[in-house]
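Colleague: Please build the complex by placing chain D on the supplied structure of chain Y, with the hints as guidance.
Listed below are the residues making up each chain.
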Amino acid sequence: MSNMTEVKIIFTGTMGAGKTTAINAISEIKTISTEAVATDETAQRKETTTVGMDYGEVTVDEGLVLRLYGTPGQRRFRHMWEILAKGALGFVILVDNARPAPLEDLSIYLDNFKNHIAASAAVIGVTRTDVSAQPDIDAYYQYLAEREEMHPVMTVDVRRREDVLMLLDSLLLSREFE
Amino acid sequence: MNQPILSKEAIALMLRMRFLIKNEFGELLSFQTQEAAAKFCEYGFRSSQPALRELAQLLSSLISAPVSEAPRPRESSILELLASDLIEQPVRLVFTRIPAFVIDKPRRRCLLNFSFEELLEELRPLGTVDPGLTRLEPISLGELAELEKKAISASLPGLMWLCGLQFSQGQLLPKPRSFPAFGLSRWPDFGTLPHAAQHLKMATFLMRKTASLDGLTAGTGATKNEAVAFLNACFLCGWLKRVEGVAPPAPAAPKSGLRGVIGRIRVRLGMSG
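From first to last, the protein sequence lines stand for chains Y and D. One point on numbering: in our numbering, the residue at position 130 of the first sequence is 130, and numbering is uninterrupted. If you want our numbering, it's the 1-based position in the second sequence plus 1000.
Excised from the complex, chain D in its bound form:
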């Protein structure tokens, strides 16, 4: 497809913007085409840097293609939003219905103007509904440093974990839904993450074996809802592995020999979850 030829002024503007975009978004855009110019504008409008936004405005006026601000992401629930690649870089999530907060995925934290508990309460009604996200604002390193001084820093894995456990409502997230079977790359740190005995059991099961959802419930005695919530939580934290080939559900082995001894110890110590 023939692209309209860009003017020298437009290319000069794009050259000035190029490294600002790379510094902020980590992407070094090519600048040969009208389509590329539109991309420059899109990044510029999303930028937290006034200079970059101003250049984007100038560039937008020079090119004929209509350019809009960053499209509003349409995630159908807060869980899907947290699972999406829209938050790979530090971003401020601005909602219509709850206060904005910052997710800084590279540093595994969220920055809040209110307590972590308040955030969970705000998010709770949004578990399975459109979270009403109006925009994502990329956060520069400079702004992050400023925010650190005044915002409350909370653990992002902690947020992901709790959202997965509390908001799943029996529905696997779209991506893990496509996994033929599951494994885990590591145990969640149950020393810091709120959990029930069943979570430790499911984690150990998936560290030792791979299983489908049915296999996980059959092998651990967890209900489907418990297993789904656990899988979503692990997926959001980045610990869930896709496994090809569905392992058939393991029949419950008789509690004899070593397994019988272990079962008796667990019951005695009150671990029989």
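So here's chain Y without its partners, still in its complex pose:
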């Protein structure tokens, strides 16, 4: 019988924000993705989009494995979100700053995972700030303050492993110091 302990971290956020890429940057196995040809607005930026979930993992030591799940970005797959979120150690919310209303995008994920985040922690990674600098990080904090929530918000390029590690570290430290 295995004595392996499992913990999971959820990567969520808008379509094309980089969830699959972020998991790929950390996972020690090739990320398993359930992708389909994009036929909606995603198709303007990506040839494929995640329709089920992404999965990656890191074997921490002999007794512990870290599972990394990426949620499908499209809201029509929202039923999957709840299944994936149960028991998560924390949430990495990726927001594509080049989309028309990034703060509204963020609110979708904060609202949908509200109870799970309240029981764990979340970190917000803002991507594609090179394409659109607004809203800036101050605006994100202002928005969180209006919601009476406080999570780390950081500019990231999820193609860079150190940026993804920075997000994970702030998430883990948030749990450590709770």
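Don't read these hints as lab results, they were simulated from the structure. Don't take each hint at face value.
What the hints assert, rightly or not - Computed list of chain D residues with no C-beta within reach of chain Y, every gap over 12 Å:
1. Ala1010
2. Asn1023
3. Leu1029
4. Leu1086
5. Val1094
6. Lys1149
7. Asp1214
What the hints assert, rightly or not - Pairwise CB distance ranges (calculated):
8. Y/Ala118 with D/Lys1150: 49 to 57 Å
9. D/Gly1132 with Y/Leu103: 43 to 51 Å
10. Y/Glu146 with D/Asp1214: 47 to 55 Å
11. D/Gln1057 with Y/Glu162: 27 to 35 Å
12. D/Arg1268 with Y/Pro100: 32 to 40 Å
13. Y/Ala118 with D/Ala1100: 46 to 54 Å
14. Y/Ala118 with D/Arg1124: 27 to 35 Å
15. D/Phe1114 with Y/Phe77: 49 to 57 Å
16. D/Asp1085 with Y/Asp138: 14 to 22 Å
17. Y/Ala119 with D/Gly1221: 25 to 33 Å
18. D/Glu1088 with Y/Glu146: 19 to 27 Å
19. D/Thr1134 with Y/Ala118: 48 to 56 Å
Even glycine gets a Cβ: it sits at the ideal position worked out from N, Cα and C.
Modeller: Coordinates of chain D only, in the frame set by chain Y:
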């Protein structure tokens, strides 16, 4: 105290200056007294507007009180200068020892005639010594617009952050030194600010708890110098909060349960700073 009565000419000059001062310095001065006239002159001499300087000269000649140019600020280090309220409005800082540069705090930027890296190198020797600031020149919006076309714009939080981290030398700035305990209003954007793992740890600690300097070092394993530099950097960027009541240093909790799991993940991913 009786104030000498101002002449009609002096009051007329002050009326003309009043709105120019408000436009440039955001302050609508009263103009009833000799003391007020001296204040008008002080603003006028500091102004970038030739018309206002000229009016200040005329007013100065009409009032009996000696009026000097804007007093040279006496800050004991570049950090104290950056922390002072002397730079709340756009100003050009003119030094004896390094090239002048502009700080535009409302727009969170500095405007330079040289690179940001060169500025840091120039500032480095001034970390804890008198920076030799000779004067502060207020910058009008018009001049700012001109400067934007030719100067290099750099992030002011970036400058503040790096100055705090690099120039603190174990000394908290005077204002945070008076704080009984500390908290943070937000995480620094570590995606854009140079940092070490310890900074992320201290930031998260102070976002989740409040602590004195000793509490911060005990809770995060940071050295006193690291903690001081971090606190100064956060203070300069406007993210450090004063917290009343000193929380006793938290004893290190045993790494069991969730904390143990988190510790193992952090070690595995190379985060154990």
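Colleague: Each hint: holds or not?
Modeller: A quick look at each hint next to the structure:
1. Residue placement check: alanine 1010 of chain D keeps its beta carbon more than 12 Å from all beta carbons of chain Y (closest about 45 Å).
2. With a least beta-carbon separation of about 27 Å from chain Y, asparagine 1023 of chain D lies farther than 12 Å from that chain, consistent with its non-interface assignment.
3. With a least beta-carbon separation of about 32 Å from chain Y, leucine 1029 of chain D lies farther than 12 Å from that chain, consistent with its non-interface assignment.
4. Every CB of chain Y lies more than 12 Å from the CB of leucine 1086 of chain D, the least distance being 23 Å, so the non-interface label holds.
5. Chain Y leaves valine 1094 of chain D outside its interface by the beta-carbon criterion, the shortest separation being 30 Å against a cut-off of 12 Å.
6. Separation of lysine 1149 of chain D from chain Y is adequate, the least Cβ-Cβ distance of about 20 Å exceeding the 12 Å criterion.
7. Annotated as non-interface, aspartate 1214 of chain D keeps its C-beta farther than 12 Å from every C-beta of chain Y; the closest such distance is 17 Å.
8. One distance hint, 49 to 57 Å for the beta-carbon pair alanine 118 of chain Y and lysine 1150 of chain D, holds here, with the actual separation near 51 Å.
9. For glycine 1132 of chain D paired with leucine 103 of chain Y, a C-beta distance near 45 Å keeps the hint of 43 to 51 Å intact.
10. Between glutamate 146 of chain Y and aspartate 1214 of chain D, the C-beta spacing of about 35 Å breaks the proposed range 47 to 55 Å.
11. In this structure the hint that glutamine 1057 of chain D and glutamate 162 of chain Y lie 27 to 35 Å apart at CB is violated, the actual value being about 58 Å.
12. Our hint of 32 to 40 Å for arginine 1268 of chain D and proline 100 of chain Y holds, since their Cβ atoms are close to 39 Å apart.
13. A hinted range of 46 to 54 Å holds for the C-beta pair alanine 118 of chain Y and alanine 1100 of chain D, which are about 51 Å apart.
14. Checked against the given bound of 27 to 35 Å, the beta carbons of alanine 118 of chain Y and arginine 1124 of chain D, roughly 45 Å apart, lie outside it.
15. Range check, phenylalanine 1114 of chain D to phenylalanine 77 of chain Y: about 52 Å between beta-carbon atoms, so the 49 to 57 Å window is met.
16. Distance hint check: the CB atoms of aspartate 1085 of chain D and aspartate 138 of chain Y are about 21 Å apart, consistent with the given range 14 to 22 Å.
17. For the hinted restraint 25 to 33 Å between alanine 119 of chain Y and glycine 1221 of chain D, the CB-CB distance of approximately 27 Å keeps it satisfied.
18. Checked against the given bound of 19 to 27 Å, the beta carbons of glutamate 1088 of chain D and glutamate 146 of chain Y, roughly 26 Å apart, stay inside it.
19. For the pair threonine 1134 of chain D and alanine 118 of chain Y, the beta carbons lie near 55 Å from each other, so the given range of 48 to 56 Å is met.
The earlier numbered hints that this structure contradicts are 10, 11 and 14.
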